[in-house]
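J.: Each chain is listed here by its residues.
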Amino acid sequence: MAAWVKGGATDADAAVEAAATLLASARTPIVAGLCAELSAVRAAYHLADLIGASVDPVAGPALYAELGPLSRTGAMLTTPAETLGRADAVLIVGNAPWERAIVQEIAESVPTRGRAAGAERTLLSLGGTRNGATRHVAYPAEAGGLAVSVAHLRAYLKGHLSGETAYGDLAKRLSSAQYGVVLYDPEELGELGVEMLQGMVKDLNEVTRFFALSVSDPYQGRALLQLSAWTTGQAPRVGFGRHVPEHDPWRFDSARQIAAGEADAALWLASLPAPRPDWLGTLPSIAIVGEGSPEATGDAAEIVIAVGVPGESAGGSVWNDRRATITYAPASGQATALTAAGVLAAIQDRLVQKKGASC
Amino acid sequence: MLIRIQGGRVVDPTAGRDAVGDVWVENGRIVATSERTPDRTIDATGCVVMAGGVEVHSHIAGGNVVMSRLLLPELYTSEAAPEGHPFAHAGGSAAWIGANYARMGYTVAVEPAMPPANALATQLELADIPLLDRGALTVMGNDDQLLQLLRQREGKAAVRDLVALSVATSRGLGVKCINAGGASAFKDGMLKLSLDEEIPVYGLSTRKIMTALLDAVEEIGVPHPLHVHCNNLGIPGADESFVDTLEAAEGRRIHFAHAQFYAYGVTDPENPATGGFRSAAERITEAMEKHPNATFDVGQVAFGQTVTISLDILRQFAGRKGANPKKWIVTAGDAEGGGVVPFLYKPRGAVSSLQWAIGLELMLLSKEPERTILTTDHPNGGPFTDYPHIIHLLMDKEKRDREIAGLHKVIGERSGLCAIEREYTFSEIAQLTRSGPAKLLGLTDRGHLREGARADVAIYRDDRDRTAMFARAKLVLKDGVTIVEDGEVVAWRSGHTLELNVESDKAMVARSEIYLQDRYGAGLESFSVPDEAFPKADVFEEVACLS
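Protein sequence lines, in the order shown, are assigned to chains A and B. Here the first sequence stands for residues 1 to 359, numbered as in our numbering. Here the second sequence stands for residues 1 to 547, numbered as in our numbering.
If we strip away everything but chain A, and leave its shape as in the complex, we get:
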């Protein structure tokens, strides 16, 4: 197990002490990343409350592309297993979903449950040009981009536009599905695009069954979103400056806060792989990262503590993309003694002790 303080190797206790000292002197700290097992994310929220920090996950951009439309209009959703088992028509919007394994699974299977069982599955794409290997019917995006393309498609479905056009044809295919699914990446499609797409799916349900399936972010966003909601009653970007969770996705965007000079210390939590933020070395910071990761070095942050990686050297509850739920991943190898949750709890305990001593 490795830990560093100001570039020098040390033991975990010394690193925890240094982290507590750093956070104790911070006035507006941030807790960011949160790409970790749920027990660690839970501990991070508790620590953030204690020190009056704001919280921002690395999955924030992907999550908030969905959360805005969700709270404005709602959604009609389904799961990967239902898509594979029931869908006779799948529309893939954009390029990003093609990177995911589920596209291949969809392409290689047919519906086996429900009224479409035994039917051919039609694979359709809108604005996806990257994958030429999978047989599908492709419809190009319009010049205005994906969101505008979805808007035009919706207009054809609603009958606001008509004619023998490509989108008119696509609209007919969607309407004739028995169990249709539209697969998309919310970050690629953007807030307005997601809102338009969900509206289109709701329109389709006036005539058939049709649902949306968005690909998950790779940074545990779906799991921490749930924990955040049950812990604070809110979505993830909250601030505890007034010791009550205040939700504000703009104000508590960590990159914005740091660029604006609002934060004076940061704790970066990534026991699972996540892109290191470029601001990590620019302010007093603590990095709790997975052992063996590129960030597990003395120069990643002022204080670095390497911890067990869930599913590898630690057990942990994490997002299961295929199951679309939280599942437990036991350690596949030798479990390490230091977990992210344990380190965060130790920092919290040390801070409580310091608080007590100062009274």
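Honestly, the hints are just simulated from the structure, not real lab data. Fair warning: there could be bad hints in the mix.
[Said to hold, decoys possible] Here's a subset of chain A near chain B, in silico, CB distances under 7 Å, partners left out:
no.	residue
1	Arg-42
2	Leu-77
3	Glu-82
4	Ser-109
5	Arg-113
6	Arg-115
7	Ala-229
8	Arg-276
9	Trp-279
10	Gly-315
11	Ser-317
12	Thr-325
[As the list claims (entries may be wrong)] When the alpha-carbon atoms are kept at most 30 Å apart in a straight line, the in silico DSS-like pairs for lysine-lysine are as follows:
no.	chain 1	residue 1	chain 2	residue 2
13	A	Lys-172	A	Lys-158
14	B	Lys-346	A	Lys-202
15	A	Lys-172	A	Lys-202
16	B	Lys-399	B	Lys-409
17	B	Lys-397	B	Lys-321
18	B	Lys-346	B	Lys-290
19	A	Lys-158	B	Lys-321
20	B	Lys-409	A	Lys-158
21	A	Lys-172	B	Lys-156
22	A	Lys-354	A	Lys-6
23	B	Lys-327	B	Lys-290
24	B	Lys-399	B	Lys-321
25	B	Lys-367	B	Lys-321
26	B	Lys-156	A	Lys-158
27	B	Lys-397	A	Lys-202
28	B	Lys-536	A	Lys-355
29	B	Lys-321	B	Lys-192
30	B	Lys-326	A	Lys-158
31	B	Lys-321	A	Lys-202
32	B	Lys-536	A	Lys-354
33	B	Lys-192	A	Lys-202
34	B	Lys-326	A	Lys-202
35	A	Lys-355	A	Lys-6
36	A	Lys-172	B	Lys-321
37	B	Lys-367	B	Lys-327
38	B	Lys-192	A	Lys-172
39	B	Lys-397	B	Lys-409
40	B	Lys-326	A	Lys-172
Quick reminder that beta carbons are idealized off the backbone N, C-alpha and C, glycines included.
Go by the hints and put chain B onto chain A.
T.: Same frame as chain A, now just chain B:
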């Protein structure tokens, strides 16, 4: 530590007790009157002493509860927290739920809808509800594996084994079915389903699925009867579905969820869909009296903004038209899924007023409050925090009349509420909120104050303003430890999650492994709820099956 709760009016209908006296507590249990000097004496003079409240049906955890927070973040307000639990004042959070139940003197709460596919997330959330013991009911009745077994007429043993395995894997406390077959039918294009209507693809009906589950629950010996959410919730004529389902149970134990939403008789038989509804509380009450095998919880309406949460996606899809504000979520999940639809119960609205009246009517007509459990189906009928107000209405005819006077006149025209003189006694309130739900869940050491009972005790100042009385308990003991004083939480501790101790059949384990691998690309392990997943140890407590 020996504790004497002295001089309170002790109300325990299970012991025929309603008189001033003492309650003795030692080592977390109620004990017999002792000759020894107590280590602590709690002066309960002028107070009413009851067992801790038990909640059987409140949506307090799970994927759809999470979705409701994201859809309607403005529903609850958060306040700056005083010393204590960091998140207890975060409106709608798990800690907020635990704190608010505890302040009212409740010590157990059950989430009634845990899909096995999402069991770990639900259980993690439940475990973060402080102060209370909690549990969850495993939902079945729309999952393809079960429906396949039934379609193939595999017999009772196979169904029993699959139900037992699902409960054991998800660590549920009981079994619930929600519009059995309805979610499957919705996915296949249906928008309405009755008890004997054929469910596409499977050739089954709600009756067939439900009766199979009734048999399985009996065979396994689940203490809590099958918890049933019938077809056709909330529509005129839903009383037919309720009574038909009651008769379909054929004497087997059955619990009906939120009966108020089914006590809607058609006003105009010629135009049942458009003619509106009238109270069917009398009809439901008569049917219940003829069927002692049945219980129900009420699903009382409370006025104001709320959000409805249900795995009955067929019903929630239909309910989207009434969403207020105009936004909603329907998820076609791996079995049921879920629907989240905001709703505003308007005090001056005819429909809301009548719903409010019907719930009260059901409780006031009941001759057996132990079979009539107080719930609001939180948050569907309104928040559970409205219980003190509802109790006030049940105990005080004048209060009731004053409220009715401010509501829509439809109450007088289409319900029998105005003519009911009855006022609930403390004993009846204890049956409605303590002994009834505890018996229903098979929690033999809760819901009463007899020797050997768990020392979950609520002490209330006797106040004619019953709302004030029951909103802030003077003192609450959980397992003999004081957790609430003067309506404020004074000790934050974790309760346990109650799980049924049920064995799984090895052959069904092997069979399910193959099925799940094929369908999800992952086996039973990915559905499991291991102890190691929880941030704290000692989360679960077993409840035995009936022998």
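J.: List, from low to high, the hint numbers that the structure doesn't satisfy.
T.: 4, 8, 9, 17, 18, 20, 21, 23, 24, 25, 26, 27 and 37
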